[in-house]
Amino acid sequence: AQSVTQPDIHITVSEGASLELRCNYSYGATPYLFWYVQSPGQGLQLLLKYFSGDTLVQGIKGFEAEFKRSQSSFNLRKPSVHWSDAAEYFCAVGAENDMRFGAGTRLTVKP
Amino acid sequence: DTAVSQTPKYLVTQMGNDKSIKCEQNLGHDTMYWYKQDSKKFLKIMFSYNNKELIINETVPNRFSPKSPDKAHLNLHINSLELGDSAVYFCASSQVQDGYTFGSGTRLTVV
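Chains as they are written, first to last, in our numbering: chain A, 100 to 210; chain B, 1029 to 1139.
If you are wondering where the hints come from, they were derived from the structure by calculation, not from laboratory data.
Hints are all accurate, no fakes.
In silico contact screen, one side only, chain A against chain B (beta carbon under 10 Å); selected entries: (1) Phe133; (2) Leu143; (3) Phe150; (4) Phe189; (5) Ala191; (6) Gly203.
All of these numbers come straight from a predicted model, not from anything done at the bench.
For glycine and all other residues, C-beta sits at the position ideal for the given N, C-alpha and C.
Take the sequences, apply the hints, and build the full model.
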């Protein structure tokens, strides 16, 4: 089955600073890739997804991600972080009838 | 209209009891899932069903039995509840072109 690695368990950035969350996947075919965000006590909200086509994907809340097949990566970026972005972020790789999540990266935003 | 709805939202029960969590989706998706999120926030797939047929059963104890009466419903029944079953359980549905949509979760606490 496919697998996902999020190397950073916890990241702290200052409000207004740029952000990059790393995600590496393992899958034999072209993957479906996703980023989800989870605020404390809440469900999972889809930020963006990649199925095919343009490798730079725009999502909600000003997030974007870039699919790099040669690096098996799908890193999430945001140019300027807001305090409300503090949450847990999950990268996921989907195949037919099966989606696997990374362990998550907790984002803390300093004032 | 909620796309994927699961009930109850909270469930507190004693060890040894049997309980069920219900999930319904109104998106017309063919595939439905159950995920377990433990206290470390790790999201692990438990089951997936495609059009009422079991596709994935990820080494889940036999005490967990999913039931899919039709493709819009996937219920989770748990027998003889144990302390270690305490977690948040998420239902989801998917269709290739739509991606995955999650319910808001059921927080199960076994005391």
